[in-house]
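Colleague: Here are the chains, one letter per residue:
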Amino acid sequence: MADPTQFAKQPDSILRFEDVSLRFGSDVALDRVTFCVRASDTRVLLGQAGSGKTVLMKVALGLVKPDSGRVFLFDQDITDWPESKLFDIRSHVGMLFQEGGLFDSQTIEENVAYPLLNQRVRGELPKPAREQVHEKVVSALTFVELEKTLDKFPSELSGGMRRRVGIARAIVTEPPLVLYDSPTAGLDPITANTIMALIIKERDMRNTASMIVTHRYQDGNLMANFRYNPSSGQLEHAWRVNGASAPNPHAGLRTTFMVMRDGRVVFEGSEKELMASTDEYVGKFVKR
Amino acid sequence: MLDVLKPPVSAFQDFIVLAGQATRNVFRRPHYSDDIALQMDLVGVGSLPIVLLIGFFSGAVMGLQMSRALAQYGAQGQVGNIVAITLVRELGPVLTALLIAGRNASGMASELGSMKVTEQIDAMRALGTDPIQKLVTPRVIAMAFTLPLLTVIADFVGIFGGFLVANLMMGITASQYWTTAWRALGYNDIVQGLFKPLLFAVIISMVGCFYGMRTRGGTRGVGLATTQAVVVASVWIFVVDLFITRIFVNL
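Chains as they are written, first to last, in my numbering: chain U, 11 to 298; chain S, 1300 to 1550.
FYI, nobody ran anything at the bench for these hints, they're computed from the structure. One or more of the hints may lead you astray.
Stated by the list, open to error - Think about it this way: if two alpha-carbon atoms lie no more than 20 angstroms apart in a straight line, the pair counts; the simulated SDA-like pairs of lysine to any residue are:
no., chain 1, residue 1, chain 2, residue 2
1, S, K1433, U, K162
2, S, K1433, U, S94
3, U, K162, S, T1417
4, U, K95, S, G1319
Stated by the list, open to error - Derived contacts from chain U toward chain S, CB cut-off under 10 angstroms, selection only:
no., residue
5, L71
6, K75
7, S78
8, I88
9, T89
10, E93
11, S101
12, N128
13, R179
This structure is a prediction, so every number in the text was calculated from the model and none was measured. The beta-carbon is built from N, C-alpha and C at its ideal position, and this holds for glycine as well.
All chains, full assembly: derive it from the sequences and hints.
Modeller: Right, here's the structure in full:
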């Protein structure tokens, strides 16, 4: 386990856990978790169901308070913040929920507009006009290729489309950090790849720090080795993007893998290190 | 013994906490005026037809019943007096509140309950919105405004219903009816007739939201929350009504 003091000063840290532990009754949800996500980093969180991945995201947003340890969001210690103060900082983090988390009695347009109007109501931003909100909503939905579904309700869309609306809602405010909770869970491989392509596109177009929870190694592999090429509109292998002919040794450098087991981080490192790991549990997540 | 008492006491404590937060939010930014307007429309405009209907018939029935009772004393001319007092003091506020409890406490509990069990309330928190500020406070404010208004309308339509009965079936002239009705109402009656619906509004909206926000256990939980909200709100309306009446009787 890393020394908790090593992150004492991290000016560009976006999300930082220091020795965070949490129990639900006798169940250990998080056990001395320490890590740091910096600006435009990608963090892939692997682990079996119930290993604490989703709880970790909830703690990161202050939705659940840890028993011990500190949580820093945008380099501010949010561990002891009251709920009322947390609402402000949460509106600067995009979050995609496991099941989409859409409001089922609101149309797609209202759902995606929600974070924008929320920031407006909270008085954080100058009041945008209705047309401006509409414009941003349309552009976020165009990003996920769902601009024709504005007036539909979430129940009228397929699972993959709902997930895409969830992404549009998470990114519409252009947050510096987006958390994706199991974006590909329960989807067929083709739809899952579409979702991953959107996540990579978002990361590369706007340089967002991303944290993605998944149990599919392919998702992590895509995040680490593929880049969005704006000119072709396709994903390309990272070392090809700039016209390089040889593999770029720095490809995937900003992508860190974390493997969780029973609330503990049992592995943290690059994809190469993940592939080389001899740990039996860690090895189960890697396609050799 | 203590174990039996624990759940209701802790539920009541949770209720007080929620009521406290919702009340505090009334004086705090941000204000969701769109939601307040929407709820006012749902509660106020939406309930208007049924409130008119129930108000009219309760007034008419009061007129009929009283005509027989008053005939024994040869005081049929006083029917306007009795109808106005019973409606403004008691029947108007309580009947309207019960009606709205059945209509809107259930609606609030099932709406918030469904949002709760499908984790939309958690999603709301994660998106940076206080669910109490966004969902509970607008409902309480909207209800506190609209229920007294609905009650006034029910009172008036009820007195009018009593007038129709008195005029058409008992031959009492319009001027006699309206004069006795108008003279019967004192300052005390008006204040209690407006204060009661205000309190009932807070009870209905808070109880409805409270049971919605603590819903657990899927669709069945939503159904249970809805039923409990209506039952508990109705019981509290009667209990509180007794206490307020006791206070105003002595004033």
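Colleague: Hint by hint, note whether the structure agrees.
Modeller: Hints and how they fare:
1. S:K1433 x U:K162: It is violated: about 23 angstroms lies between the C-alpha atoms, which goes past 20 angstroms.
2. S:K1433 x U:S94: 13 angstroms, holds
3. U:K162 x S:T1417: Given pair U:K162, S:T1417 holds - Cα atoms ~19 angstroms apart, limit 20 angstroms.
4. U:K95 x S:G1319: Given pair U:K95, S:G1319 holds - Cα atoms ~18 angstroms apart, limit 20 angstroms.
5. L71: Check passed: Cβ of U:L71 comes within 6 angstroms of chain S, closer than 10 angstroms.
6. K75: Since the shortest Cβ distance to chain S is 13 angstroms, the answer is violated.
7. S78: 23 angstroms, violated
8. I88: 13 angstroms, violated
9. T89: Where the cut-off is 10 angstroms and the nearest Cβ of chain S is about 17 angstroms from U:T89, the hint is violated.
10. E93: 7 angstroms, holds
11. S101: 3 angstroms, holds
12. N128: 5 angstroms, holds
13. R179: 8 angstroms, holds
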